[in-house]
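Taking the hints into account, I'd like the entire structure generated from these sequences.
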Amino acid sequence: MLVSVASGKGGTGKTTVAANLAWAASKQEPVTFLDCDVEEPDSHFYLKPDWSGEEDVCLPVPVVDASRCDGCGACAEFCRYNALAAIKGDVLVFQDLCHGCGGCALACPLKCITYTDRRIGIVREGARGGVHLYQGLLDIGEPVAVPVLKRVREKQADSGLTLVDCPPGTGCPFVNSIRGSDYCLLVTEPSPFGRHDLDLAHRAALELGVPHGVLINRSSNNDAIIDDYCEEEGLQVFDRIPFSRDLAEAFSRGEMRTETDETWFWRFLKILEEVRKACLLSSPS
Amino acid sequence: MPAQLTILSGKGGTGKTTVTASFLNLAGGAVAADCDVDAPNLHLLLDPTLVSREPFEGAMVARIDLEKCSKCVLCEESCPFGAIKDLVVDPFSCEGCGVCELLCLDGAARLVPEITGEVFVSETRFGPLAHALLRPGGEASGKLVTRVKEVASSLAGERGLDLNLVDGSPGIGCPVIASVAGSDLILVVTEPTLSGLWGLERIHGVARHFGVKMAVCINKGDINPEIAEQVRHYCSESKLQVLGEVPFDEEVNQATMNGEVLVERYDGPASKALKSLWEETMALLESTKTKT
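So the protein lines, in turn, are chains A and B. Position 285, counted from 1, in the first sequence is what the working numbering calls 285; the numbers after and before it change by one each time, with no gaps. To convert, count from 1 in the second sequence and add 285; that's the working numbering.
Hints listed in this document are in silico derivations from the structure and should not be mistaken for laboratory results. Every value quoted in this text rests on a predicted model; they were computed, and no experiment measured them. Note that beta-carbon positions come from the ideal geometry of N, C-alpha and C, so glycine has one too. The reader is advised that the hints may include incorrect statements.
Calculated pairs, EDC-like style, for lysine to aspartate or glutamate (alpha carbon to alpha carbon, straight line, at most 20 Å) [stated by the list, open to error]:
| hint | chain 1 | residue 1 | chain 2 | residue 2 |
| --- | --- | --- | --- | --- |
| 1 | A | Lys48 | A | Glu259 |
| 2 | B | Lys557 | B | Glu545 |
| 3 | A | Lys270 | A | Asp239 |
| 4 | B | Lys370 | A | Glu207 |
| 5 | B | Lys428 | A | Asp96 |
| 6 | A | Lys27 | A | Glu255 |
| 7 | A | Lys150 | A | Asp96 |
| 8 | A | Lys48 | A | Glu249 |
| 9 | A | Lys150 | B | Asp375 |
Per label pair, the in silico range of CB-to-CB distance [as the list claims (entries may be wrong)]:
| hint | chain 1 | residue 1 | chain 2 | residue 2 | range |
| --- | --- | --- | --- | --- | --- |
| 10 | B | Gly313 | A | Cys72 | 51 to 61 Å |
| 11 | B | Thr575 | A | Ala224 | 47 to 57 Å |
| 12 | B | Ala568 | A | Ile140 | 24 to 34 Å |
| 13 | B | Gln515 | A | Arg119 | 21 to 31 Å |
| 14 | A | Gly160 | B | Ser572 | 49 to 59 Å |
| 15 | B | Lys353 | A | Gly71 | 29 to 39 Å |
| 16 | A | Ile140 | B | Val336 | 34 to 44 Å |
| 17 | A | Arg276 | B | Ser561 | 42 to 52 Å |
| 18 | A | Phe243 | B | Lys353 | 57 to 67 Å |
| 19 | A | Gly129 | B | Ser337 | 52 to 62 Å |
Set out below in structure tokens:
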């Protein structure tokens, strides 16, 4: 089963929820944890893995053979990303704008463009207990996160549970993280911000056809702002994690409550069971 | 050109929007740009009146005209993003590169402009607001951020306002880089958590990479004094000024729940700290501008 944990708004507690789910589940089955928040990955603070390896994520970028190039500019004219510019018979390459589509080499009449790999990030791998973690890390200054998180997604296990920790927002990194999930858990908080961004994430998930439900974090005595919305939209609320300074402090230290407290362990396991049920109900029969 | 102050955080949910909204109140005349285009929140605190909206064509997407298509499937085989299956283009995967258009022998595959979002101008009690909304999975969030900033700049010009307050998005990628461009000062709102500190280090890397001056505000420092000390230590080692520390204060939650601007309605510890942060930030922005 592939479960993604997402939220439109940043900082609602996605990673805390995903890590605790992973830890609880790992006592029952092998768990693969895919940290797709490659701009700000922080799952390692909770899961505390022993790192065992890493690989580079590269994009092919064009190299123009200046000795053969006649400066016709066909490559620059083709490139939709403005990664090439032909100026006075010279071709300049702006590597960080390149999406690596390979079209410039096809467009070049003299066939004088080849490609070289340029690193834009890494995927590192580690494990602790029964959780196997893959974490993408976008290099500083690189704008394009999607190829890194796609590489992380490729690490999905064939068996057991795979959990995807998604980036915030609803843009291409978010979409590429939740696509193909059996279920998506949307973590929100009872505030106008939480509701607004839940609405965006809910609509995006609908458009992608990913079944989804809600978990309320920092729950107060009154979660009506989220409850009302979920009722209107027919969204299941799986649990509500209370707002407390104690939990905020534990979180700040990277502590997983499922690791230190039996009550929380069973609580997260129950959330997962409920998700499993919801997932079965929503899958086309 | 108005001065551009950009509020960022690296990690999400540290309080960027709360700070931006209070700054708008204290500025008494600034233009606001909500550059968190895929989860914009600033408008929720400002009770805006929509003045105008424009569609945003940020990207191209491939279309295949099946009437012209001879079903050679060359496009499917050569799409670098695997976006074409059974001659149907998946708009979420297509990056609009045009390889299919280049190779198609039938003239059936073509790139067409795609509307990936909308840009809005609104009026608020603090001044004009430029904001936007990206379609889910929309390409070119960076270009949309740039457009919002252009709109904000021209609003500042029309109204003779000399400050552009930019509320940025979490992360360090495309939309953040677009909001960093042209900033006179970046104020990073961080929190004393391990991931907050890591986010601070990464966003500092981005600021250095693009050569933009950056300063720091520590939010809820008292939640974890030990990590707050690590944040201060990191800042002093890296010659980053900490312009203010906002204590944990129940009033902040209350204001957020009610959709209120903190400094406008409250006068507790957090509100006082934000007012002092504003003074310090303006002083630094002033000195940064005179230097350049």
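A quick look at each hint next to the structure:
| no. | hint | verdict |
| --- | --- | --- |
| 1 | A:Lys48 / A:Glu259 | holds, 12 Å |
| 2 | B:Lys557 / B:Glu545 | holds, 16 Å |
| 3 | A:Lys270 / A:Asp239 | holds, 9 Å |
| 4 | B:Lys370 / A:Glu207 | holds, 18 Å |
| 5 | B:Lys428 / A:Asp96 | holds, 15 Å |
| 6 | A:Lys27 / A:Glu255 | holds, 18 Å |
| 7 | A:Lys150 / A:Asp96 | holds, 18 Å |
| 8 | A:Lys48 / A:Glu249 | holds, 18 Å |
| 9 | A:Lys150 / B:Asp375 | holds, 16 Å |
| 10 | B:Gly313 / A:Cys72: 51 to 61 Å | holds, 56 Å |
| 11 | B:Thr575 / A:Ala224: 47 to 57 Å | holds, 50 Å |
| 12 | B:Ala568 / A:Ile140: 24 to 34 Å | holds, 29 Å |
| 13 | B:Gln515 / A:Arg119: 21 to 31 Å | holds, 29 Å |
| 14 | A:Gly160 / B:Ser572: 49 to 59 Å | holds, 57 Å |
| 15 | B:Lys353 / A:Gly71: 29 to 39 Å | holds, 34 Å |
| 16 | A:Ile140 / B:Val336: 34 to 44 Å | holds, 38 Å |
| 17 | A:Arg276 / B:Ser561: 42 to 52 Å | holds, 50 Å |
| 18 | A:Phe243 / B:Lys353: 57 to 67 Å | holds, 59 Å |
| 19 | A:Gly129 / B:Ser337: 52 to 62 Å | holds, 55 Å |
Of the numbered hints stated above, none is contradicted by the structure.
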